[in-house]
Amino acid sequence: MDNTDESLIEAHCKGDPMAFSELVRRYGDGILGYLMRMSGNHHQAEDLFQETFKRVHEKAHTFRGSQFKSWLFTIATNVAIDGLRRHRRMRVISLNQKLDCTDRNGEELGAVALADDSYEPLQEAAKAEQAQQVREAIESLPARQRATLVLAYYQQISYPEVAKVLGCSLGTVKTQMYRALRTLAQKLPDV
Amino acid sequence: MKNHLTERELIEYQFKLAPEARMKETAEHLQGCGECREHLEKLQRKFAALDLLREETKISEDLISRVIEQTEQPLRTRVVRFKKPVWISSAAAVLLVGLLLVAAQLSKDGTKKREAAKETILAEEKIVLASKPEITSVRGLDKDVVKKTTFAMAPKGKVADRYVAVGGAAAAAIAEQAPFAPAGAIELVTLPRRDKVQLTIYNSADLTLVRERRNLTLKKGWNWLQFMWANTLIDPTSLSLEPLAQGDKIDIQQLVFPASLRELGRWLIRSEVSGQVPFEITYFTSGLSWRAFYMGTLSQDEKTMRLSGYVRVGNNSGEDYEKAQTRLIVGQVHILDEIAELAKRQYPYNEPVEFDAYGGFRALEEKPERLDEKLIYAYAEKELDTELRRKEIVKEGLSEYFLYTIEGTETIPNQWGKRLLSLDAADIEVESLYKYDEQRWGEQTIRFVKFANDEEHNLGQTPIPDGDVKIYSQADSEGYLSYVGGTNIKYIPVDEEVELNLGPARLVGVEPKMMDFKTDNFMFDTKGNVAGWDQIRTWKIEITNTRTLAIEVEITRGFGTAYWTMQTDIAYEKYDATHARFKLNLEPRKKQVFEYTVTTYHGVREENWIRQN
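For the record, the sequence lines run as chains D and L.
Sequential numbering of the first sequence, starting at 132, is according to my numbering.
Sequential numbering of the second sequence, starting at 1059, is according to my numbering.
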């Protein structure tokens, strides 16, 4: 069986239940990672993830062309930007919470860290603090700049492809990327 | 070569943003300029921080399942509904407008216009339907015809709606006799879209009243409207249909549930008009639920609080509700039957017992009336007359219930949950209260936030339903929040005080120490046995406030007996027979100490206490 993205989406449109499942598995990690970096919140990212694939499912019949990945990231970007507009995230610092006691998947780090002989609490705490600063710096970017940065830097999508995803010119992508980096240069911590 | 590279040039070089020629030029410059190389390395170190977030994200199987389930569900639940291709309605609309324009231009008198409109409607019908011979007599109907009908009503494809209007005997003069349930005379007139929908969710009884407004295109004469509830939790016995216009010219004759066609019902409508008529369809469903939760944000000085209330509405009813106005009933509703069970019935009113000779089904002219349905419809009547409003919070008292209308309209697809804002009150004056009561909480001080659900506190317009509440405090002027504590609140009626228990306090301590204990005033019976005595205890209570805020502390002390007296320099109240309560106000970062001596009376000494009191 020809298992290209395009053949899978076509099979899904024809009612093949396995095709959609295969697409979700194929792009699940990438899209979830993208949405987590966009939203900065695991639970919101999961909601956006569900919404993304719901839209893929609903719009599958409108897909034309050969670039499923770009199309998928376009949908994810639109969902993320809509989601960010709706849920302007409220930052919460718990007085009871230890520094970075959970990882980005929401799992407890404490137990794992203690079981590891090489665990160095001070360094871990400093690293967690820096990661938080990076997260905040990225979250401070305007949505389009953030999308550009995350797609190009973290998702390692080429600039021309990012332009396709965001529906703009290559020049615009590069300008957005530069602006994002210029802002980050001021806000990122020294590591 | 110019002097030094700018930061912009270095960033564009590092991230390959510059054109190829400039990249080359920059690379050459860097080879010969140590200062720029150093600047670049500094930037590289800076951007290396981005890699702290480069960890791989692994999607969980649970999330994959949820995604696949949400996309499969709607297709599964709509096996017998009709698809309304968009192009058909668009084509029909264009045709309608076109024909009307042509008719208006060509005809000079009103009669011609009416004829053109009639032609338009007929043309629309032809587009939508495969025409079938109209059956005016019930004779000759057989099971084969019924089967064909069923097949005709189950087209393939994705569906838009559960309603379809089916036409019957249409003629210039309306036949007096209602057509028999239309086993074979199925003629689709139009496919009405859901225009507006309103959900009233009675959470305590897993009951939701759905009110939908749809525009049905009727023909003059007898019309059939079909309703299907396959794979939903709709209670078919609760179905009701009312025209919202032309009420004197439209008569809803009956609702029938053909025995051979499961999970569908048909309304017989007699209309003296043709064209679009707005209708309201109401029914009960289960599977929709809601719960309230709250977020309180204390100001930095903790004298005021902003309280935001949310409602999470979940939909497992098997049906998507788009742009629904959502209303919630707070209070207990008693119902005779579980709606979910009713919905699962094969036949709406159980197995039909009266079969006629032809179609094998019976017509039910009236649905049985149930007391609680009446009650709920009565509430709903209030809603009917008002236009659906957007982005408002409307709260109304209804008997001992309370009706919440959630802000705006919301789309709640099946299997989805949605959080909606229900209240948002700022500057609610609150008191920070600390309580110490060993019998209730052991040796720890418990923190409370106290306010009242009244107008003075910018609330009081409505009772506040049960729900979890989380309290945050503004940690700094930039709006960062710190979590203070969470609790569950019970239903708070209007004008009632509420104390939110936020758990043990760390910055306020109460430490009781017993300083002295003695027994005294022994009394003996005639045999020389001890018959009564007093116990005298002296306690020192030390209260420490390490907070930067003034606080109120409430200390409750229990004595294990109702026969006691107390000597102390500070005020106290007798809380109940066996407890005394002290209330103190402490300045920021202050400590206060007080003592009391309590005498408890035992045995025959209790009588002495009674005489004294």
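No lab work stands behind these hints: they were computed from the structure.
Check the hints yourself; a few may be wrong.
What the hints assert, rightly or not - Computed list of lysine to aspartate or glutamate pairs in EDC-like fashion (alpha-carbon distance at most 20 Å, straight line): (1) L/Lys1074 x D/Glu260; (2) D/Lys318 x L/Glu1380; (3) L/Lys1082 x L/Glu1099; (4) L/Lys1528 x L/Glu1380; (5) D/Lys258 x L/Asp1378; (6) D/Lys190 x L/Glu1514; (7) D/Lys200 x L/Glu1114; (8) D/Lys185 x D/Asp147; (9) L/Lys1116 x D/Glu292; (10) D/Lys190 x L/Asp1378; (11) L/Lys1104 x D/Glu267; (12) D/Lys200 x D/Glu260; (13) D/Lys318 x L/Glu1631; (14) D/Lys185 x L/Asp1378; (15) L/Lys1104 x D/Asp160; (16) D/Lys185 x L/Glu1514; (17) L/Lys1104 x L/Glu1127; (18) D/Lys185 x L/Glu1113; (19) L/Lys1361 x L/Glu1514; (20) D/Lys190 x L/Glu1380; (21) D/Lys185 x L/Glu1360; (22) D/Lys318 x L/Glu1099; (23) D/Lys258 x L/Glu1127; (24) D/Lys318 x L/Glu1555; (25) D/Lys318 x L/Asp1120; (26) L/Lys1598 x L/Asp1495; (27) D/Lys185 x L/Asp1359; (28) L/Lys1648 x L/Glu1612; (29) L/Lys1641 x L/Asp1574; (30) L/Lys1104 x D/Asp178; (31) D/Lys145 x L/Glu1127; (32) L/Lys1100 x D/Asp160.
To be verified - Interface residues of chain L toward chain D, partial, derived using beta-carbon atoms under 10 Å: (33) Leu1088; (34) Ile1547; (35) Tyr1549; (36) Ile1550.
For every residue, glycine included, the Cβ atom is placed at its ideal position computed from N, Cα and C.
>> So, against the hints stated earlier in the document, which numbers end up violated here?
In response: 1, 2, 4, 5, 6, 9, 12, 13, 15, 16, 17, 18, 21, 23, 24, 25, 27, 29, 30, 32, 33, 34, 35, 36
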